[in-house]
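S.K.: In the order they appear, the protein sequences are chains A and B. Sequential numbering of the first sequence, starting at 1, is according to my numbering. Sequential numbering of the second sequence, starting at 251, is according to my numbering.
By construction, these hints were calculated from the structure, which means they are not laboratory data. Among the hints, a few may not be true.
[Stated by the list, open to error] Covered stretches of chain B, as calculated for chain A (at least 3 residues, CB under 8 Å):
(1) 335 to 345
(2) 402 to 415
[Said to hold, decoys possible] Calculated from the model, a selection of chain B residues having no Cβ within reach of chain A, i.e. all distances over 12 Å:
(3) 300
(4) 308
(5) 315
(6) 318
(7) 348
(8) 372
(9) 376
(10) 377
(11) 379
(12) 383
(13) 418
(14) 435
(15) 512
Using N, Cα and C, we set each Cβ at its ideal position, and we do this for glycine too.
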Amino acid sequence: MRENFLVVENVSKSFGGVKAISNVSFSLSGNSLLGIIGPNGAGKTTLINIITGFIKPDSGRVIFKGDDITGLPGYKIAEKGIARTFQIVRPFLHLPAYKNLIIPLYSKRVKSFRGGRFGDRDTVAIDLLEEVGFERDSSVPYKSASSLPHGYLKRLELARCLALQPELLILDELFSGMSMSEVAATVPIIEKLKAEGLTLIMIEHRLRELFRIADKVIVLNFGEKIAEGKPSEVIENELVKVAYLGAESA
Amino acid sequence: MLTGIIVYGLVNSSILLLVALGFCLTFGVSRIANFAHGAIYILFGYLMWIFLNWLKIPFLFAILLTLVLSGIFGYVAYYVAVRRVRGIVLSEVVSTFALGVGILEFFRWMGFVTYEFSLPPIKKGSLYILGFPIDYQRLIIILAAIGLVAFLYFFTHYTKLGLSFRAIAQNERTAIALGIDADRVAALSVAFGSAFASVASILVLPLGIISINSGYEALLIAIAVGIVGGLESIPGMILASLVLGFVQIVVGVYVSSAWVMVVYLLAIIVILVVMPSGLLGKFKELEERV
Chain A
1 MRENFLVVEN VSKSFGGVKA ISNVSFSLSG NSLLGIIGPN GAGKTTLINI
51 ITGFIKPDSG RVIFKGDDIT GLPGYKIAEK GIARTFQIVR PFLHLPAYKN
101 LIIPLYSKRV KSFRGGRFGD RDTVAIDLLE EVGFERDSSV PYKSASSLPH
151 GYLKRLELAR CLALQPELLI LDELFSGMSM SEVAATVPII EKLKAEGLTL
201 IMIEHRLREL FRIADKVIVL NFGEKIAEGK PSEVIENELV KVAYLGAESA
Chain B
251 MLTGIIVYGL VNSSILLLVA LGFCLTFGVS RIANFAHGAI YILFGYLMWI
301 FLNWLKIPFL FAILLTLVLS GIFGYVAYYV AVRRVRGIVL SEVVSTFALG
351 VGILEFFRWM GFVTYEFSLP PIKKGSLYIL GFPIDYQRLI IILAAIGLVA
401 FLYFFTHYTK LGLSFRAIAQ NERTAIALGI DADRVAALSV AFGSAFASVA
451 SILVLPLGII SINSGYEALL IAIAVGIVGG LESIPGMILA SLVLGFVQIV
501 VGVYVSSAWV MVVYLLAIIV ILVVMPSGLL GKFKELEERV
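Next comes chain A alone, as it looks inside the complex (with noise of 0.2 Å):
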């Protein structure tokens, strides 16, 4: 594992008097599986947005691979490999669910395909919506992204994310709205996608899912980092009950 892939380093965001992000910082190694937990509305959104360029930070540095980010649009971030998918989904919703896929197959980063050649981006684009389980032979590539159902566009998401042939891949909440076997479907997928060596941060609500296939788990609570740690251990934290389940319970 390569140390240091992504490290944030004292990162904070004030909105008006509210502190969204307080002096967080943390590091992720190549081809692991970063999980950031945190009641709602403790900054995990916020720290993504900061990640990706969409939030400049009031103070600290974002590193990926050594090169200092912080601070640089929202794009330039992307052509430097780090892809995401947005808590609520946003399709481009008049194009057909495939076609949502040219625009990062047209990318820079894009210029061959899994080693191969690149060959007709249609079916590239269509190659990937099934790897993420969008039926091959089905009209369900072909339909307006308007008319699919919410489980599907939150895969689309994803899979217009790897067109991206992104580095670090970060889902913000993509099992929220995904039914149970939707759900048990992704699992798999991100596990492979990790085995190939894709670094992965997952913001997620599903703890039981995540706890399984996390590396490593930090816990947000009001814009401050908790906790850090394997998944076994951040669940024996005790402010970490405190946060989740109030202070009686604890």
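Chain A is already provided as a structure; the job is to place chain B on it using the hints.
M.R.: Showing chain B alone in chain A's frame:
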């Protein structure tokens, strides 16, 4: 009479479409209502005139120069007039309208108001269609309108930049997360809008003289076509151009040519009251609640 209405209705509709296309393209891609559109239309009419009459540049080369310069002008105008107020709709309108008024009134101040300011047609002469005379310039206008729409369709469906345009139009944040520079695409959308305006001025202005007021009128046309058709829908714009174009001709023939301008304003009011998203506009808000 009927043949006349059909032929001139088509010509008039094509003119409206040509004038409005750039405005609607820019708005459709980046949600920027470029209120300098009419001024850009006139600016490049005058520049074309200056190229031909003062600098004695050959006709075809002058056209090329006008197209290129108008693109560059739009690109720069985005960074000068829009970028800092991006996302604040009213400020965008005020800023671009100020730019437009500045351009138009500058030419008035310079004295570009006499009858000598007119552009030559692409091809002189005329021919008969169904026994009805029509000059080549008007025929070229119809063909150009069809050609430009076809170009726009091909461009937005089969080129990387065109797809980026659609991506930004449909979801800016996602597009950024996938590596698209939203600012650059927005600047390019204004650039394309300006270039389309200059195409319109090269084709349409030879039908009359270049006048400051037609710059304001062009903006009105663009807004009317956009609102009636539904701003980001190309089929909607075509339909709106046809409806407005034919209604104007019919009104001109059967009522009075004084009422032709009123058609735009009435159409805007009626559409905003009856179907605010336009004839073929999409109810975006509804869909985005998914």
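S.K.: Hint compliance check: list the failing hint numbers for this structure, sorted ascending.
M.R.: 1, 13, 14
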